[in-house]
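Counting with mature numbering (1 follows the signal peptide of the UniProt record, and there is no 0), you get residues -21 to -1, 1 to 544 for the letters of the sequence shown.
Do not rely on the hints blindly, as some may be mistaken.
Per label pair, the in silico range of CB-to-CB distance [unchecked claim]:
id, residue 1, residue 2, range
1, A341, V171, 16 to 26 Å
2, D279, E246, 52 to 62 Å
3, K393, R251, 33 to 43 Å
4, V171, G267, 21 to 31 Å
5, A327, E109, 27 to 37 Å
6, R112, P84, 45 to 55 Å
7, A324, E109, 20 to 30 Å
8, G42, E460, 43 to 53 Å
Keep in mind the hints are simulated off the structure, nothing from the lab. Every value quoted in this text rests on a predicted model; they were computed, and no experiment measured them. Positions of the beta carbon are idealized from the N, C-alpha and C atoms, including for glycine.
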Amino acid sequence: MRLPYLLAFSVLFSLPPALHAQADSVALKALIQEFTSYRPYDSLNVWGMAGEEELEEQAAELGGFADRLGELTDLSAAQRIDAELLRFVLADRIYRLDFGTHRFPLNAEGGFLTDIVYRYGNRRVENEVELERYTAELAALPAYFRHQRAALSRGLAEGKTNPRRVVTLVLELIERTLAVPPAASVFHRPVVHYAPGGDRVDSLVSAVVYPAYRELADFLEEEYLPQLPAAPGVSSISGGREYYRHLIRYFTTDDEATPEAVFATGEREVARIRAEMEGVMERVGFAGSFAEFLDFLRSDPRFYAFTPEALLERAAWITKRIEGELPRYFDRLPRMPLTVTPVPAALAPNYTGGRYSPGSYAHRRAGAFWVNTYDLPSRPLYTLTALALHEGVPGHHTQMMLAAEGEGQSDFRKSLYLSAFGEGWALYAEYLGKEMGMYETAYDDFGRLTYEMWRACRLVVDPGIHYFGWSRERAVAYMAEHTALSLREVNTEIDRYIGWPGQAVSYKMGELKIRALRREAEERLGDRFDLAAFHRLVLANGAVTMEILEEVVRQWIASTSSDQD
């Protein structure tokens, strides 16, 4: 489907054209501002708990936003991008509300429980007023958990549930949380610098918060878990197959994408990357089989750090090396600094090898490349360069902070994250790292390929699990056979896909589109192609759908060609 709103103007006769355009422009700006500040549950309680009636009202209100948006037709090119992105977001939110995704709110990392860790991880109480507000939130936590239990129970009744594996992992997370003394917990962290609040918060955690976690665990283990279907895929729940088809369209930002097409693309990419990996084996002179080479990489101590500090130092050094090369490939970079920190201990066992935590000027917090230092024998050094490129620079940190610092963009656009664009860009950054000379050894290059293979395998195992009925064991075996990820990483990744259907395909599908657009620009512009200008163009609008990005790049190609003819 093409984008007529990017290619043609509507002609309406209720107002003179100039006045109508001005009216639509003002109305769109107001609509976006209204949507950005839309917080339907903030007035209900500190945890934003909404019942079925409130959720129905929200669906109607979001539908009202969509109806008003559809009436705005006379917009500039930039505003048409705004309008299309808002339409895309509204359509997904309305679909999820109608489907009832709030009735299965868990994932392999904890779901709403992990949100609590994020909520308080960077919170800072500095006075009595803030302490009162914070303790009120903690005191309300049992009610929030009861609210989530009610949603989970309704999901059971409707056949819309979380997978067994996800619930098992959440139970393990709860046990780890309860094993930490209150004074060392994530709940104590906000009052570390406000001594008068320490004892009060710790007493509240011991008497109120931890018992609420225990009650939730008892419910999950005794009532919820025994009634769950054995299959891990979302297609096992009521309406799950059509829901997964929606997720594929959403996470690829492609209305024509299907699970079948994604699966076929994955198989082609796996075969291509496997041939490149075997070429690296020849370069290092390894005489054994592919499986034996993977065993060698997973077991040889030279490829692993011996201490968490050593792993963090290596990640920091790689990040600084990359930063030194960026001006050769980018003519605009973010002002926000980037730091390297470990994944929080409470999250680390079930967490991926690394993650990016965005910086914030409002909260005076630098961007952070999180590195998982848990179970060091499962954290290979040969993939660390690819990870740093992806999570830090020029990957997520560069993309997200440029969007946040962009002038003239609405708060909606600055904060919008679309996985196909953001993860596609970050995977493209791994590919760009080879051009930049960041992969110092053949083993580092194999690490790049194993990360690319990992994302290609996702195109196979995600629809395999959620659409074609694969077991968890089959998915684990497939990824272990084709990548050099450690077995812990493989298992953690498969659990993540089970709990977050569809998202995993966005990386490779987005990267393939960005690379295809770059090839098209290089072929059509020849010597006039400017890589830094291409990167600036791709990142200039923040997160956009792949269809919008294609239109923007092709207009740039046409403009550049005509300017220099």
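Hint by hint, here is what the structure shows:
Roughly 21 Å separates the CB atoms of A341 and V171, a value that falls within the hinted 16 to 26 Å. Between D279 and E246 the beta carbon distance is about 30 Å. The supplied range of 52 to 62 Å is therefore violated. Look at K393 against R251: about 36 Å separates their beta carbons, and that is inside 33 to 43 Å. At roughly 52 Å, the beta-carbon separation of V171 and G267 lies outside the given 21 to 31 Å, and the hint is violated.
At about 29 Å, the beta-carbon gap between A327 and E109 stays in the expected band of 27 to 37 Å. A C-beta distance of roughly 24 Å is found between R112 and P84, which places it outside the suggested range of 45 to 55 Å. Taking the beta carbon of each, A324 and E109 are about 25 Å apart, inside 20 to 30 Å as hinted. The hinted range of 43 to 53 Å is satisfied by G42 and E460, whose Cβ atoms lie roughly 46 Å apart.
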